[in-house]
Amino acid sequence: ILNVEQSPQSLHVQEGDSTNFTCSFPSSNFYALHWYRWETAKSPEALFVMTLNGDEKKKGRISATLNTKEGYSYLYIKGSQPEDSATYLCAFLSNDYKLSFGAGTTVTVRA
Amino acid sequence: EPEVTQTPSHQVTQMGQEVILRCVPISNHLYFYWYRQILGQKVEFLVSFYNNEISEKSEIFDDQFSVERPDGSNFTLKIRSTKLEDSAMYFCASNPQLNSPLHFGNGTRLTVT
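If you're matching them up, the sequences are chains A and B in order.
Numbering-wise (my numbering), the first sequence opens with residue 82 and increments by one.
Numbering-wise (my numbering), the second sequence opens with residue 14 and increments by one.
Derived from the structure by calculation, the hints contain no laboratory data.
Each hint can be trusted.
A few chain A residues that face chain B, going by a derived Cβ cut-off under 8 Å, partial list only:
| no. | residue |
| --- | --- |
| 1 | Lys-123 |
| 2 | Ser-124 |
| 3 | Ala-127 |
| 4 | Val-130 |
| 5 | Leu-174 |
| 6 | Phe-182 |
Under the rule of at most 16 Å between Cα atoms (straight-line distance), these lysine to aspartate or glutamate pairs were calculated in the EDC-like manner:
| no. | chain 1 | residue 1 | chain 2 | residue 2 |
| --- | --- | --- | --- | --- |
| 7 | A | Lys-140 | A | Glu-126 |
| 8 | A | Lys-123 | A | Glu-164 |
| 9 | A | Lys-179 | B | Glu-69 |
| 10 | B | Lys-96 | B | Asp-75 |
| 11 | A | Lys-179 | B | Glu-72 |
| 12 | B | Lys-91 | B | Glu-66 |
| 13 | A | Lys-179 | B | Glu-57 |
| 14 | B | Lys-55 | B | Asp-99 |
| 15 | B | Lys-55 | A | Glu-86 |
| 16 | B | Lys-70 | A | Asp-177 |
| 17 | A | Lys-123 | B | Glu-16 |
| 18 | B | Lys-91 | B | Asp-75 |
| 19 | B | Lys-91 | B | Asp-76 |
| 20 | B | Lys-91 | B | Glu-81 |
| 21 | B | Lys-70 | B | Glu-81 |
| 22 | B | Lys-96 | B | Glu-31 |
| 23 | B | Lys-91 | B | Glu-31 |
| 24 | A | Lys-159 | A | Glu-96 |
Owing to the predicted nature of the structure, the values given are computational and were not obtained by experimental measurement.
Note that CB positions come from ideal geometry on N, CA and C, so glycine has one too.
Bound-form chain A, shown alone (with noise of 0.2 Å):
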């Protein structure tokens, strides 16, 4: 079991702020970075796949980061909307193939 950790647990927003998170991976057998947003009563829905060092994704006003030297990847929101409230869940890939989840950030966005 590889540990993949995403803090904070949860978070509070007020409608229009900026936020972000991370999730901290291994820094060895690297593969790929997955986030994932999963709204309640919802599947997860695949955000980004991340695979090299330095890479930085963008997807409207959500956007990622990845330093795979550290094993670390950001999540920022920017301008949130009710609509951005969900859990968003990193999976570290390994380089066997492995996909480990971590147990996620849950954003709440307060109008």
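Fit chain B to the given chain A structure using the hints.
Only chain B this time, still in chain A's reference frame:
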């Protein structure tokens, strides 16, 4: 857009009974997975399946669990003799290649009483 579909959405069963959870992965995907999430805990890997056989299984996936692809479309998870601690949300997922993101179904909530 093609989806992974799971049935039923909720299954209630008595301890000791057998249950079969069903999944239809996306048709051109080659790799299939079962994950589960016990309430309040992490999403946990159970098993992966490729080319009609198990490619990887976790320590959770003991002898009470089995998977099958009975035809060209369905992918099933059978739990032979359910225990209270099997109560969880079970997710099926698939992807076309090992390093592609997973496409998840909506899950089956299993409640063992």
